[in-house]
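Chemist: Listed below are the residues making up each chain.
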Amino acid sequence: MFFDPLKNIYVPVLAGEYTEAECNGRSIYTINGKEYDECSFCRASCPSRELFKEPDSDLPLKCDMCEERSPGEEPLCVQWCINDALTYEEREEEGEEEGKLKEMEVGLESLVKKYGAKTVRDTLARIAKAKD
Amino acid sequence: MRYAETGVNLEIDLSRGSIEREATDPRLTELHLGGLGTNAKILWDRVPPEVDPFSPDNLLIFSTGLLGGTAAPGGNRTIVSTVSPQTLLMAYSMMGGFFAPELKYAGYDKIIIKGKSPSLVYLWVNGDKVEIRDASHLRGKGALETAELIRQELKEPKAQVAAIGLAGENRVLYSSIEQGRSSASRGGMGTVMGDKGLKAIAVRGKKDLNIARPGEFMKLCNEVLKYIEFRRDNPIKGVPPILAGLGSPQEMAIYDEKWHTTNFSWGNARIRRKDFWTEETEKKWREIQEKAVERLVSCYNCPMKCGAVISHSVLGVSKYMMKCYSKLTYVMAAMTDDLEFGFEIAGRAQEYGVDGYTTPQVMAFAVELYENGILTDQDLPGFPSKNEERFFYLLDKIVRREGIGDVLANGVYRAARQIGKGAEAYDHNTIKKQEQIPIKLGMLNPIYYIMWATGEKVNITQIEGQLPQEPLPTKELREEFVRDWIQIPTGKEERFKRFVLEWGDEDKKLPFWPPIDLVCELVEWQETMHYIDDATGICAGLSSFPLKPPYHIHNLPHIISAAMGMDIDEGKLWEIAKRNRNLLRAVNVRRGLRRKDERPPEDHWRKRFPEFEAHVHDEYYKFKGWNKEGIPTKETLNKLGLDYVSQDLEQRGILTNEKG
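Residue numbers (our numbering), protein chains in the order written: chain A, 1 to 132; chain B, 1001 to 1660.
To be clear, the hints were calculated from the coordinates, so they are not data collected in a lab. Ideal placement from N, C-alpha and C gives every residue a C-beta, glycine not left out. Some hints could be false.
[Claimed, not checked] Covered by chain B, per the in silico footprint, the following chain A stretches (three or more residues, Cβ under 8 Å):
| # | segment |
| --- | --- |
| 1 | 3 to 9 |
| 2 | 77 to 89 |
[Said to hold, decoys possible] Each pair of labels, with its calculated beta carbon distance range:
| # | chain 1 | residue 1 | chain 2 | residue 2 | range |
| --- | --- | --- | --- | --- | --- |
| 3 | B | D1208 | A | F41 | 49 to 55 Å |
| 4 | A | F41 | B | S1385 | 50 to 56 Å |
| 5 | A | F2 | B | D1517 | 51 to 57 Å |
[Unchecked claim] Simulated pairs of lysine to aspartate or glutamate, EDC-like, Cα-Cα distance not exceeding 16 Å:
| # | chain 1 | residue 1 | chain 2 | residue 2 |
| --- | --- | --- | --- | --- |
| 6 | A | K114 | A | E20 |
| 7 | B | K1158 | A | E73 |
| 8 | B | K1305 | A | D84 |
| 9 | B | K1433 | B | E1598 |
| 10 | B | K1258 | B | E1148 |
| 11 | A | K7 | B | E1145 |
| 12 | A | K7 | B | E1294 |
| 13 | B | K1386 | B | D1427 |
| 14 | B | K1319 | A | E20 |
| 15 | B | K1283 | B | D1337 |
| 16 | B | K1219 | A | E68 |
| 17 | B | K1155 | A | D4 |
| 18 | B | K1226 | A | D84 |
| 19 | B | K1305 | B | E1229 |
| 20 | B | K1226 | A | E74 |
| 21 | A | K7 | B | E1148 |
| 22 | B | K1284 | B | D1338 |
| 23 | B | K1219 | A | E74 |
| 24 | B | K1219 | A | D4 |
| 25 | B | K1548 | B | E1493 |
| 26 | B | K1492 | B | E1570 |
Next up, chain A with everything else stripped away, as it sits in the complex:
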């Protein structure tokens, strides 16, 4: 959360999916007479936002919903927010489950985007061979 009460700025910091690059959409929205940058609402953990980096390692942060806790248990942020500004609810997933990529695939996909499918395939083959 970044906030400045005297300027009436309250921007939640959301740690969503990691994106490899900044986007181009930077529309300005006006809500209750106050202007907000589109970035304010974006969940993406994006390279343009230092707020999303773990200070020591500089690695991008992503919310894991306190995965060490037992399933169904509220994440700590919700539990500690006794004023109920944060709440936890499970939602039905819209869209198709199968369309979701697994973690490794996300990584590979971005490598393919960056280096092209052929290079990635060749490199993989080379590494696999060396390990045999």
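Assemble chain B onto chain A, guided by the hints.
Modeler: Frame of chain A; chain B shown alone:
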């Protein structure tokens, strides 16, 4: 590895422009915990009694507490300590907000400021990178304005800034250090900062803190949170609304001000207006407050919302944040019924950086002198006729030290003596040369007598707590109060509960009841809890101040142990608080504090009992292990491992071998 604390202090010498990091001795944490405790140790070691508040050798210490910045709710207090230009004793003033946690994350437990800068500067603590920067362009700027300008200049909107205003620069003796929603106001902390040529400190930190046993620690913190929720749903019955909940009195959220307006004195601590609070007033004040309060705000890691953003839409000042009784101090001192005036002048005063307790009283004192012909039109050229306008007039003069403002800037005690012509008689609400909350009551209360007289804080709200201030009205309410009163120290349960159950009964009335030994124990409990908070940096609003707080002597030892890895129990924690209490007293004794200084104002109670008071006073000193002058005895000091203190006091002839 150091746990909960960073183990590093930042040493700044403004005369030489030097910046050093000093690793601290973990043994001192074991003895004093941190915060006020280690501040007192540093002042004892490094600021001998010959050092004047305005000497370059006086230190100004900004300290976090041991639990500051950890997950412990309300661990956000900054404990500022120095030799006060008002009392000439060691003073400490504390502020909430976000400064202390940020300082911990920057990697430091304390910033220790020494020397004097030849030109106005500010300090920029950005993690490992620390700079002394020019502040000449900030001269004369308001405290909040300065904070904003610094954040812009550093391009660091998340920097926490503590700054002084014009008053501090001009060494008004009761200048504050402002930090947004909170300030270190009492004792002239801002005055010493201004004297050192330091306009502000900006801090930004991104490091982590280590916790010795994190799992256990989080569990304990969760229990604290649960109790806060419990108390929110179960306000104390039988006490005024502003005292029923946790936090500092909820004066931003609650409109019912009957308790303050009818119990505290108006003007120059003169008149009690017992019939002031009417339905009509409540309606009018509610309307003004609803307009002025834009939203309620919290400090770092705290679910309470004691503060508020005061909106400028209805006022002639910029937006600012306020909390607690400052809503009323100017209103009541000016004898006005206009709450809007209060919101307006408090905003101006915050930019100037002056103490919201002392300042209104100095101005009410000046108005009274004028009305009694001691100050004349010559002293106050163009003095307006309305009190509200007079207050703005005086405030502007004081912070600039213009004309009579130069005298009034020295506080009531000194101004009365400078003005002469009988002005001393109007100085009737100071203790140890410092203005007190304007309370003038009927019957002597021996518990409060001791706290007003002997508290090192010289400010009752940071000494009292835990106990109802009046007998609870009915037998049922008393029984309900003591039923789940878990906060009482071990072994005292029965005695303290009986006190609440019996207080107010036909033959159980003040001042000759309760028995003196119980008076001493009740006072010690109240002040001990404050000494613990002031070392841990936990806000008194969740701990030592309100009734039935979530932090108490039973869970604090576990929380501290889990955080720092040293195992302490209730007895050990009590002993640490006692050590800190005695060390602080020794610092002040060495600076000349004696029994004659320990007197509540003559008219504090209408009914006084000089012989009885002297007797209670004697007994309290004895109970504390102090001699008749209030000096801790050699035995007391040595038992607490403060042998070096008793030796020093002996060498100076302050302690002699004679008994008593």
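Chemist: So, for every hint listed, does it hold in this structure?
Modeler: These are the hints, each one checked on the structure:
no. : hint                        : in the structure
1   : 3 to 9                      : holds (count 4)
2   : 77 to 89                    : holds (count 5)
3   : B:D1208 - A:F41: 49 to 55 Å : violated, 28 Å
4   : A:F41 - B:S1385: 50 to 56 Å : holds, 55 Å
5   : A:F2 - B:D1517: 51 to 57 Å  : holds, 54 Å
6   : A:K114 - A:E20              : holds, 10 Å
7   : B:K1158 - A:E73             : violated, 32 Å
8   : B:K1305 - A:D84             : holds, 13 Å
9   : B:K1433 - B:E1598           : holds, 11 Å
10  : B:K1258 - B:E1148           : violated, 37 Å
11  : A:K7 - B:E1145              : holds, 12 Å
12  : A:K7 - B:E1294              : holds, 11 Å
13  : B:K1386 - B:D1427           : violated, 23 Å
14  : B:K1319 - A:E20             : violated, 40 Å
15  : B:K1283 - B:D1337           : holds, 13 Å
16  : B:K1219 - A:E68             : holds, 15 Å
17  : B:K1155 - A:D4              : holds, 14 Å
18  : B:K1226 - A:D84             : holds, 14 Å
19  : B:K1305 - B:E1229           : holds, 13 Å
20  : B:K1226 - A:E74             : holds, 15 Å
21  : A:K7 - B:E1148              : holds, 10 Å
22  : B:K1284 - B:D1338           : holds, 9 Å
23  : B:K1219 - A:E74             : holds, 15 Å
24  : B:K1219 - A:D4              : violated, 31 Å
25  : B:K1548 - B:E1493           : holds, 14 Å
26  : B:K1492 - B:E1570           : holds, 13 Å
Checked against the numbered hints listed earlier, the structure breaks hints 3, 7, 10, 13, 14, 24; every other hint is satisfied.
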